[in-house]
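Here is how the chains run, residue by residue.
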Amino acid sequence: MQNELSAIEKTVLTDYKYGFVTEIEADEAPPGLNEDTIRFISAKKNEPEWMLEWRLKAYNHWLKMSEPTWANIKYEKINYQDIIYYSAPKQKKKVNSLDEIDPELRKTFEKLGISLDEQKRLSGVAIDAVIDSVSIGTTFKEQLGELGIIFCSISEAIQEHPELVKKYIGSVVPITDNYFSALNSAVFSDGSFCYIPKGVRCPMELSTYFRINAEGTGQFERTLLIADEGSYVSYLEGCTAPIRDENQLHAAVVELIAMENAEIKYSTVQNWYPGDKDGVGGIYNFVTKRGICQGAHAKISWTQVETGSSITWKYPSVILKGDYSVGEFYSVAVTNNHQQADTGTKMMHLGKNTRSRIVSKGISAGVSNNSYRGLVHVGKNAANARNFSQCDSLLLGDKCGAHTFPYIEVKNNTAVVEHEATTSKIGEDQIFYCNQRGIDTETAVALIINGFAKEVMNQLPMEFAVEAQKLLAISLEGSVG
Amino acid sequence: MLSIKNLHAGIDEKKILKGINLEIKPGEVHAIMGPNGSGKSTLASVLAGREDYEVTDGTVEFAGKDLLELSPEERAGEGLFLAFQYPVEIPGLSTTNFIKTAVNEVRKYRGEEALDAVAFLKLMKEKMAQTNIDQTLLSRSLNEGFSGGEKKRNEVFQMAMLQPKLAILDETDSGLDIDAIRIVANGVNKLRSKDNAVLLVTHYQRLLDYIVPDFVHVLYNGRIVKSGTKELALELEERGYDFIKSENVEA
Numbered sequence: 001m002q003n004e005l006s007a008i009e010k011t012v013l014t015d016y017k018y019g020f021v022t023e024i025e026a027d028e029a030p031p032g033l034n035e036d037t038i039r040f041i042s043a044k045k046n047e048p049e050w051m052l053e054w055r056l057k058a059y060n061h062w063l064k065m066s067e068p069t070w071a072n073i074k075y076e077k078i079n080y081q082d083i084i085y086y087s088a089p090k091q092k093k094k095v096n097s098l099d100e101i102d103p104e105l106r107k108t109f110e111k112l113g114i115s116l117d118e119q120k121r122l123s124g125v126a127i128d129a130v131i132d133s134v135s136i137g138t139t140f141k142e143q144l145g146e147l148g149i150i151f152c153s154i155s156e157a158i159q160e161h162p163e164l165v166k167k168y169i170g171s172v173v174p175i176t177d178n179y180f181s182a183l184n185s186a187v188f189s190d191g192s193f194c195y196i197p198k199g200v201r202c203p204m205e206l207s208t209y210f211r212i213n214a215e216g217t218g219q220f221e222r223t224l225l226i227a228d229e230g231s232y233v234s235y236l237e238g239c240t241a242p243i244r245d246e247n248q249l250h251a252a253v254v255e256l257i258a259m260e261n262a263e264i265k266y267s268t269v270q271n272w273y274p275g276d277k278d279g280v281g282g283i284y285n286f287v288t289k290r291g292i293c294q295g296a297h298a299k300i301s302w303t304q305v306e307t308g309s310s311i312t313w314k315y316p317s318v319i320l321k322g323d324y325s326v327g328e329f330y331s332v333a334v335t336n337n338h339q340q341a342d343t344g345t346k347m348m349h350l351g352k353n354t355r356s357r358i359v360s361k362g363i364s365a366g367v368s369n370n371s372y373r374g375l376v377h378v379g380k381n382a383a384n385a386r387n388f389s390q391c392d393s394l395l396l397g398d399k400c401g402a403h404t405f406p407y408i409e410v411k412n413n414t415a416v417v418e419h420e421a422t423t424s425k426i427g428e429d430q431i432f433y434c435n436q437r438g439i440d441t442e443t444a445v446a447l448i449i450n451g452f453a454k455e456v457m458n459q460l461p462m463e464f465a466v467e468a469q470k471l472l473a474i475s476l477e478g479s480v481g
Numbered sequence: 001m002l003s004i005k006n007l008h009a010g011i012d013e014k015k016i017l018k019g020i021n022l023e024i025k026p027g028e029v030h031a032i033m034g035p036n037g038s039g040k041s042t043l044a045s046v047l048a049g050r051e052d053y054e055v056t057d058g059t060v061e062f063a064g065k066d067l068l069e070l071s072p073e074e075r076a077g078e079g080l081f082l083a084f085q086y087p088v089e090i091p092g093l094s095t096t097n098f099i100k101t102a103v104n105e106v107r108k109y110r111g112e113e114a115l116d117a118v119a120f121l122k123l124m125k126e127k128m129a130q131t132n133i134d135q136t137l138l139s140r141s142l143n144e145g146f147s148g149g150e151k152k153r154n155e156v157f158q159m160a161m162l163q164p165k166l167a168i169l170d171e172t173d174s175g176l177d178i179d180a181i182r183i184v185a186n187g188v189n190k191l192r193s194k195d196n197a198v199l200l201v202t203h204y205q206r207l208l209d210y211i212v213p214d215f216v217h218v219l220y221n222g223r224i225v226k227s228g229t230k231e232l233a234l235e236l237e238e239r240g241y242d243f244i245k246s247e248n249v250e251a
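Protein sequences, first through last, are from chains C and Z.
Just so you know, UniProt numbering puts 114 at position 114 of the first sequence, and the rest follows in order with no gaps.
Just so you know, UniProt numbering puts 148 at position 148 of the second sequence, and the rest follows in order with no gaps.
Do not rely on the hints blindly, as some may be mistaken.
[As the list claims (entries may be wrong)] Derived DSS-like pairs: lysine-lysine, alpha-carbon spacing no greater than 27 Å straight-line:
hint, chain 1, residue 1, chain 2, residue 2
1, Z, Lys100, C, Lys425
2, Z, Lys108, C, Lys470
3, Z, Lys125, C, Lys454
Honestly, the hints are just simulated from the structure, not real lab data.
Here chain Z stands alone, though its shape is the one from the complex (with noise of 0.2 Å):
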């Protein structure tokens, strides 16, 4: 679904990534990890397409298109989601308008018909229920006064309402306690299907108890310096990132 080549990016003439490898297929869940600093949120932004990131060399190819190809808005067609770190606030604009604004555009460049409102309230509804996201907090302006929790589940309804092909998930779980992380955790694990796959974009192994990982990667000064099963990322909590920094120091 996703395959990442020799991917080198960075911004304003400084290198962060340096020739990332990844293949992505259908129904896993991929975790990065790694130290701060090291790409990890450039590699989501990349493959968002956010403009302030130059690629200087390699491929994406995802759904056997050239993603570097497209707009960050064809990507999003074609079923890319990234769940933000930081989601931003557009005052004035309710949740339920922006969701359904996005959920119409995604669905006219796939060339379907724009669902009206009885078919869009009862697929709000059904994923509503699936996420535990209360009505009221689409009601209000997006994002606007929301708590860290509020923001990420948010985050979280929206990739039920959009259906992804690949949802990234930057540092979801940053600023959350354990009972947000776990509501938010339990949201994406129902939306996990054979036909889909997760990137979880993460420093800490906590969020990784709650959503399973099939494969865990290591991320260290903009490569991929170590791959593995969920039993990495429990070695990383135990001995830290310094192992990784050592072992990487005449690299």
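Isolated chain C (complex conformation) (with noise of 0.2 Å):
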């Protein structure tokens, strides 16, 4: 067996299989974080003034600011000022239809698996892809406008509906809310918009793609959404990037509106580039994500299959504002070799019987450490506010860590907050049982770590349900032994 498993060693990393560069031009911002940088990508985008004096507040207020350093994670100190925070592909034209996109571009697409074509209409989900700092092409547009659904990217949002944007960027996340928000408030190049009217179901799955491709970038996206009263949306995330032995910065913002009655499900499957084995390399992904229940009995729920990434900071948050609004928080984070995860999230009950539920299934293995950080909050008017949280450990090995961070305030004694954690090792008994049954020690892990992971995963929509499974046992091949 221990033959067996080198040669699974050996496929481990380098089967992050979407670790190529697109050879295109690029239109690039030169190195470095100033205000005139601010001002090129705000030109670049051919931003209105209150968007610049937006982003320059930020920048301002960036400035004052340092990073934090409470989470439980190890990295060098980033240099700001030898970050790219501008890089668009080329387009000879602006492009009117998918059909004038770039071919090169085009198969970088058609190479991660995503269908930017909007002839196939049987995949049904509309994509908008981003990639290095710019909307790449947003799909099935028109159908989805019929219902007065936008969808669109950011950059055209501020363009086409102004008066929807400036209402809401910034609403959930303002900008002095943290360092990383502050920094992609200042520098953000695009994202997705999205805005669903009163009372419409959007019929398809929405999602973006995100993909790094130039050398020495930080990619700033903003996403953000918003449910009108009683609507529901159904939105999808993924993202990958080359495989370079330099960590990149991701800092992005999602921002989430869900009106009176309405409800967003939120899917993230994150896949960016984690580094070699020895930890050479890899994507700081450093994100702010939350949602506001404005109305009430609205409801926000995030579920994230975290695979990739050197390091994850992220806690996507719900304020339940609303009464009777519900937040969930369904999470799967992975760390092998060097990989480092602090992840969590917020729910904070404001409203009166509000409910939230939080179930956090970590994977260590290799070297990685892993840590769960929640927050569960009840304000002193949210009445009959109910949490149910659930975090459970599994290691693989005994070189890894898993730690769990609860943080419980309560300050109405009508509520109600439950919390549980395990921890559990995959034990030899269980892969020699798998073995007994003819089944080999690789698809006995992944069998584990499925069933593991089974009530996250099976929020996910069908979509990516499949693939986030095959990126499960993918980030752990060659881990136990």
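Two chains, two frames, some hints: make the complex.
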């Protein structure tokens, strides 16, 4: 068995099949960050004055902030002056339809298994693809438009729907919120925008696909999603990056707004390049995601499968402002080799009879560290608030770490808050039992971890669930022995 | 079918099996009995290929192959099945899904096509009736929260699904009340045929009232010290293991 394992080990991480680079000419800003960089980005995007002012305000605030150090992660200090803040694939001219997109770019997305082809309606998923700093194209726009749904890049939304952007951007994650969100607010280059009108149930999954391509760049995308009264939307997000031995920064902000009786389901499969087996390279994934249940009976559900990035720092949160609103967080975070993850959620119960549910499954292998960090806050007016949290950790091998940092703040004595946590190891006994039934070790590990993560995987839309299961298995190949 | 010659094995320098010889032919049922610590479960584990044990001498031939050269999953593919004394739990993995994976992995090893959902379901229904197992048990997570009896019945059901050439039942009766033993034994009896063999490892004679063996072997201190027919089991029941111990003090 030892020999077999080393054969598996050989395939570890060389299996990061998205590690290619596309040779496309890029239109880049010089490295470094100052007011001119921001003016450059804003001018490139032909933005209105209010947007530029907002960015500059964020930048000036960011200058006064310092990088947070409370997370359970370690990394070399980032030099923010080395980063290229704007890189756009050079398009010969403005494209009017997806057919006119640079063939090299189209090929990139084909390799990633993403169809930008509007003809392929069978896939039933509308996609906005973002490469480096700009949105490449959005599919199914017209069909969605007939229902009054707006789904486009955020740059386009700033031009076409400034009243909506102006009203909601920064309303959930203010520019002063934290170091990385302030940075994002200053330099974000693109991202997705979505508005679902009153009473509309979005008929297809909406999806954004992020790709870092150019060297030395950071990716700072901004996603804004508004579900008006009584509407429903399910949104998927995927991401990959080429294999490089430098660390690249990804600092995104996602804001969700759910009005009365609206429901937003937001799913992420995060597969940024995790670095090699010695911990060289990989993406720093420092992301702020937050939603607000603005009206009564609103619901926001976050589901995340985090397998990539050398460091993950993110806490998709829900502000439960409306009475009877519901927040959910389902997470599987896998760390292998030298990966580090500090992830979890915040559930802020403000309204009456609000409910939240947290299910976090951490899987650690290699010499990695995996932390769950969560806050359940019940405000003084949040009568009858309820929370249930479950945090399970699974360890593969004896050199990795699993940590749980649950914080609970309750200011209303009618609240009921429950927390359960378990830590377990994949046992030799479990593997042998599977072996004895004819199942090899690799398949056995996949069965065991998928069983462990099942409650979360069940939350994913079908299109993603199968892919995510495979991803879990690949991320952990060779880690049991 | 199975030919064990002079098998020596141990764990961490400790010698447990000290020269086992055993021949099992198709259609036969053999019982291995013996006091605690005699090496019964070690023999079952070594045959199934558990890594913790080291074989220091001897040979084991199974279905014409050198069994000791094969990995545990290859042994399963060749038709060796071990019903565990303590079946493990795998939370979140449905029993049905586990068995389907096992059946198809074994088929793959034999160069057979995987069963599709329809064919698998048909096989499952047939074997469920044969082993008297409940559907609800199979939709639950593998062995999670199962009672002792349910775990053992699940082992017998898996055996029925995999249709092994040689089934080794390691203390399958331990911890079961008499009704549960009867149900498990019925399941095993229905699976007996002229082509397959069963090796029962047990401490007590009572299981042998329900699964009647052709041969009984007494294992003591790492060796088979006495072989006979089912009457030997009755003698052991009556006289206890002490007479075996006293007979072998000098040896």
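Cross-check of the supplied hints:
no. : hint                  : in the structure
1   : Lys100(Z) x Lys425(C) : 24 Å, holds
2   : Lys108(Z) x Lys470(C) : 20 Å, holds
3   : Lys125(Z) x Lys454(C) : 26 Å, holds
Taken one by one, the earlier hints all hold for this structure without exception.
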